[in-house]
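Engineer: Listed in order, the protein sequences are those of chains A and B.
In terms of our numbering, the first sequence has 133 at position 100, counting the first letter as 1, and numbering is strictly consecutive.
In terms of our numbering, the second sequence has 224 at position 194, counting the first letter as 1, and numbering is strictly consecutive.
Quick caveat, the hints were computed from the structure, so don't treat them as lab data.
There may be inaccurate statements among the hints.
Derived contacts from chain B toward chain A, CB cut-off under 8 Å, selection only [as the list claims (entries may be wrong)]:
1) Arg48
2) Ala50
3) Pro53
4) Gly61
5) Asp154
6) Ser156
The beta carbon of each residue, even a glycine, is placed where N, CA and C say it ideally should be.
For reference, the chains in residue letters:
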Amino acid sequence: MSIDEDFAEFVHARWASLYRLAYLLTGSPSGAEDLLQTTLEKAYVRWSRIGGMEYAEAYVRRMLANVLVSSRRRAWVGEQPWGEVPDTVDDSVELPVLDRALLWPLVCALPVRQRAVIVLRYYEDLSESQIAEALGCATGTVKSQSAAAIATLRRSLAAAGVGEGVEGP
Amino acid sequence: MSLDEQLRAALSQEAEMRTASRPDVQAIINGGRVRRRRRTAAQLGAGLAAAVVVVGAGVGVTQLGGGDDTGLAPTNDPTPSETAVAGDKIRYTEGIQIREGASYVLLAGHDAEGDAIEAAVQFDGSGWGTGNHPYLTDGRWSAGVAAYTPLQIRSGKDCSRLTVRPAAADVPGLLAQLSRLPGGRVVQEATPAGAFGRVTQHLVVRIDTQCAPEEGYLLAQTPAGSHGVDYEHPANASDDVFVDFWVMSVGGRPTVVERWRQAGGPSELTAQTDRTLDSVVILSE
Numbered sequence: 034m035s036i037d038e039d040f041a042e043f044v045h046a047r048w049a050s051l052y053r054l055a056y057l058l059t060g061s062p063s064g065a066e067d068l069l070q071t072t073l074e075k076a077y078v079r080w081s082r083i084g085g086m087e088y089a090e091a092y093v094r095r096m097l098a099n100v101l102v103s104s105r106r107r108a109w110v111g112e113q114p115w116g117e118v119p120d121t122v123d124d125s126v127e128l129p130v131l132d133r134a135l136l137w138p139l140v141c142a143l144p145v146r147q148r149a150v151i152v153l154r155y156y157e158d159l160s161e162s163q164i165a166e167a168l169g170c171a172t173g174t175v176k177s178q179s180a181a182a183i184a185t186l187r188r189s190l191a192a193a194g195v196g197e198g199v200e201g202p
Numbered sequence: 031m032s033l034d035e036q037l038r039a040a041l042s043q044e045a046e047m048r049t050a051s052r053p054d055v056q057a058i059i060n061g062g063r064v065r066r067r068r069r070t071a072a073q074l075g076a077g078l079a080a081a082v083v084v085v086g087a088g089v090g091v092t093q094l095g096g097g098d099d100t101g102l103a104p105t106n107d108p109t110p111s112e113t114a115v116a117g118d119k120i121r122y123t124e125g126i127q128i129r130e131g132a133s134y135v136l137l138a139g140h141d142a143e144g145d146a147i148e149a150a151v152q153f154d155g156s157g158w159g160t161g162n163h164p165y166l167t168d169g170r171w172s173a174g175v176a177a178y179t180p181l182q183i184r185s186g187k188d189c190s191r192l193t194v195r196p197a198a199a200d201v202p203g204l205l206a207q208l209s210r211l212p213g214g215r216v217v218q219e220a221t222p223a224g225a226f227g228r229v230t231q232h233l234v235v236r237i238d239t240q241c242a243p244e245e246g247y248l249l250a251q252t253p254a255g256s257h258g259v260d261y262e263h264p265a266n267a268s269d270d271v272f273v274d275f276w277v278m279s280v281g282g283r284p285t286v287v288e289r290w291r292q293a294g295g296p297s298e299l300t301a302q303t304d305r306t307l308d309s310v311v312i313l314s315e
């Protein structure tokens, strides 16, 4: 099997799964396709090496996040507008069980890097060190980004008037 | 249930609800090949400095002027000749001779990071002219294709006055501007379309170019210079021009691939532009 055939087989087999991750990372269908296209083009360039990996898909999934947070990608992904959040909130406030339709827009409203950290942590189940490796940053940065994202989500939920039911981390 | 658990559930549910379109594997491979060639060229020291090449002055169109034109002018290339770029492609410049079957690279503009946005294209058949943007003519009728990141868009309610506004910085804003071109009416509202290896918004506008005071109808100012449609011919049979816009975001910059044709023109011209468009792939780092 040629490299092209091997690559094509990989793309056909993993496209749907990769697309879902790309969608979560970008928050939009068109952004997801654009991100996935760019990432796979880059993967193709190195397919002779990536294709031989035991966990090629895992590698490409991390490439997706890396491409997303690279500086040239930030501009077009854009941030989805969301309302002002209060400066101070009471973190002890309990919240009800949340509907996806409420929580997902809040995740989309996060800055790109924070959103990537959240998606890699809670959807990909990556450790902080794995996230740091995928995003090309320090573990400490992942921790701070994650903490900031969670704090923003809590503030946004409070601002949305959601107040009971969710325990703290 | 903790917020962590809620996040896991919400993300999984959101992902599962998404259905992906079919991948265009060939477009991906083509894009990958271009990246590899660029990398090889860079490693050889050639790089892609040629990306700063800009195409020359227009053919059959004049500079945009008046209104709120900020005076952005094209840079002339005094020696139109074939310039090889990555791989076997030829840099498109004003005045070069289009060779059937050859591959060309058009510089559409630059993204938010300053990297080149280019369009790879193979021109179908003969009859192609090379102005700021390629056009096709049989001596009476004309059509054309273009790829550009617009700097300014024709605007205003009075088509008899040539005025422009800065191009919108995002795709929806640019679509709105293109939908309101003076003398134009929307034939097809912007609809999502996969094209050129990208996800685009396809908008079709019909323009009565007779109202324009200038020769032809100047539609936009682009990095390659002014861009007009409806080139003048002695026996020009129609002042109406259909313009297909495919608008997409490339590296943070709204980018347009365009096909224009005169209403009532021969189907072969349209077919030639269609086949040419089929070959277009937008390239970006």
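Engineer: Should the hint that alanine 50 of chain B touches chain A count as held when the rule is a Cβ pair under 8 Å?
Structural biologist: Constraint on alanine 50 of chain B satisfied, holds at 4 Å.
Engineer: Can arginine 48 of chain B be said to touch chain A, with a Cβ gap under 8 Å?
Structural biologist: 5 Å, holds
Engineer: Please verify that hint: proline 53 of chain B, Cβ, nearest Cβ of chain A, below 8 Å or not.
Structural biologist: Cβ of proline 53 of chain B sits 4 Å from chain A, so the hint holds.
Engineer: Could you check if glycine 61 of chain B really has its C-beta closer than 8 Å to a C-beta on chain A?
Structural biologist: 4 Å, holds
Engineer: Are aspartate 154 of chain B and chain A close enough, Cβ to Cβ, to be under 8 Å, as the hint says?
Structural biologist: 25 Å, violated
Engineer: A closest beta-carbon separation below 8 Å is what the hint needs, so does serine 156 of chain B meet it against chain A?
Structural biologist: 33 Å, violated
Checked against the numbered hints above, the structure violates hints 5, 6; every other hint is satisfied.
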